[in-house]
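Chemist: Residues per chain are reported as follows:
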Amino acid sequence: MSIRFEDVTYVYNPKTPEPVEALHNISLEIEEGSFTALIGRTGCGKSTLVQHLNALLHPTSGTVFIDTFVNASQKKKRDKKLKPLREKVGLVFQFPEYQLFEETIEKDVAFGPKNFGDSDEVALEKAHEALQLVGLDESFYKRSPFEISGGEKRRVALAGVLAMKPKYLVVDEPTAGLDPLGAKKLMELFTKIHEAGSTIILVTHDMDLVLGYCTDVFVLDHGKVALKGKPNDLFGQDVSRFSLQTPAIFDFAFRLEKAGYKIDKNKLNRVEDLAKAIVEGRR
Amino acid sequence: MTSIALGKYVPYDTWVHRLDARTKLFATILLMVAVFLPMPTWSMTLLFQGALLVIISILLACTKTPLSWILSSLKMLWIMVIFLLVVYIVVPKSENVLGIAWSVNGWTVYWDSFAEAARIVARLVMMIMIGTALTSSTKPLDLTYALEWYFTPLKVIHFPAAEVAMTISIALRFIPTLLEDTMRVMRAQASRGVDFQHGGLFRRIAGLTSLIIPLFVSSLTRSQELGDAMECRCYDPREKRTRYRLFHFRAADFVIAFFAAAILVGVAVTSGLHLDFFSMMGVTTL
Ligand SMILES: Nc1ncnc2c1ncn2[C@@H]1O[C@H](COP(=O)(O)OP(=O)(O)OP(=O)(O)O)[C@@H](O)[C@H]1O
Ligand SMILES: [Mg+2]
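If you read the protein sequences in the order shown, they are chains A and B.
1 is the number of the first residue of the first sequence in our numbering; add one for each residue after it.
1 is the number of the first residue of the second sequence in our numbering; add one for each residue after it.
Isolated chain A, as found in the complex:
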């Protein structure tokens, strides 16, 4: 069971004078149980790719397999029942705060579970649980989702998807615009969900997060898969040609190596690892 792209091409505005080919012959596999990052410069097609995962977009050509579900172009044979897929793949959009609409936060979060057939009580229970997860306490339950800050809205929207308990959680730039501690807490939350058995697919521009939390990474460039592998291998090479930045820890390690230190970059993921490596390198 996994997510597999086979030769997927996606074109925006086909059959007009200005078609945009956002994805070009993409083939990749996202393992079940992984914490996969999708990175690449602005406009390289990350958000487009991600929307194929729950069949909001259908490939112009090629096929996407999500477990047993088949997402293909209109002409080809594909699965028609989308609801089970949408329950399985929870997609949190870039700037999800636009999707809020209910009178109270708890009702808004309960909206997803209710759509998938939960009773009001069960849905509310799931909503409370999800809100606790994202760090919003009881005092928020009855408030209007329009009278809270942007970052809090973001968390409510995230809770709205978490409440559905998806098997695959897809998050598109969830930390953009959050305060650093809030971003860190969010990443820790994803790690917790990952450890509980879900597969996480994270779109981000923050390389420190990729190195610190992800198990696999795909670099997209101009609608193609440019690189794939483990974060620790990826950042060992020069990534600036994809408009990416080497994570601060790796940058630091490179400079230390230049100064004569020996550092094992395979286990270098967080600041703690770097500190340990420095201590060990001195001995």
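One thing to keep in mind: the hints can contain errors.
[Unchecked claim] Here are the simulated PhoX-like pairs of lysine-lysine, each with C-alpha atoms no more than 25 Å apart in a straight line:
hint : chain 1 : residue 1 : chain 2 : residue 2
1    : B       : 139       : A       : 15
2    : B       : 240       : A       : 15
3    : A       : 15        : B       : 8
4    : A       : 167       : A       : 185
5    : A       : 276       : A       : 262
6    : B       : 75        : A       : 75
7    : A       : 230       : A       : 276
8    : A       : 15        : B       : 64
9    : A       : 258       : A       : 230
10   : A       : 184       : A       : 167
11   : B       : 8         : B       : 64
Hint data in this document are derived by calculation from the structure and do not stem from the laboratory.
Chain B with the ligands: place on chain A using the hints.
Modeler: Same frame as chain A, now just chain B with the ligands:
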């Protein structure tokens, strides 16, 4: 789902695209009037509507508008056709020249009713074609500029031409944005299990609320932001404005304007004087 054809600009570079927006607006209005002028007999109606249809089709073909757009807007018309037919059949007319279609138990239906309905549909189709030719070949902003230009003389009676034009251009500017917002919210809610196409009435209404409320909120936020941004740049509706893009009439514009005027005058004279070409030539028709 994404294709809302009516009123969408298609960036080709045909001679119709290059015409001045003012000319195109002028010609469009004249042609629309010409389409709606009544003719004295059915055969004259057929002759003139047919001729206009040919002219309009040629124009539309020149703009390279995909034929499928027109067809898809026509799909919506069939409800209208049925409605018109029912109305014309139920409400009898005093003059009936085309003969009886059927007569059952004293309920007589004349062919005229069908002809009448067909005429209205033909007019609507031509209106849609002319409108599409205009909007697909003219940028919305150029169109507002043309409107403003025609409104300018009204400034004498304190008609706020510039403000109205600004309002229209902002409205036009935000149609694609609003569509994009709609798509985005739809996708977000679809991810949360909303099914906008299937399901019971109650479910679908709940689905629609989840779409409409975020749209209202974001439109209000947007208009607030736009207002603030305009104020920050010292926008004052009463000031005299200059233009970055200047418009000039060219020879082609005069030719087209002349043709449109000639067509309208021809149709108007025929209509006004109740001329019947066929009887003039000694042929009796209906
Ligand atoms: N609705 C649309 N219509 C036409 N083109 C689009 C549309 N959405 C995206 N594109 C184009 O497709 C390409 C990929 O866009 P996409 O949103 O997937 O990029 P992204 O990698 O998510 O970028 P970012 O990092 O800025 O979020 C871009 O070139 C973009 O201009
Ligand atoms: Mg994106």
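Chemist: When the hints from earlier in the document are held up against this structure, which numbers fail?
Modeler: Per hint list: single violation, 2.
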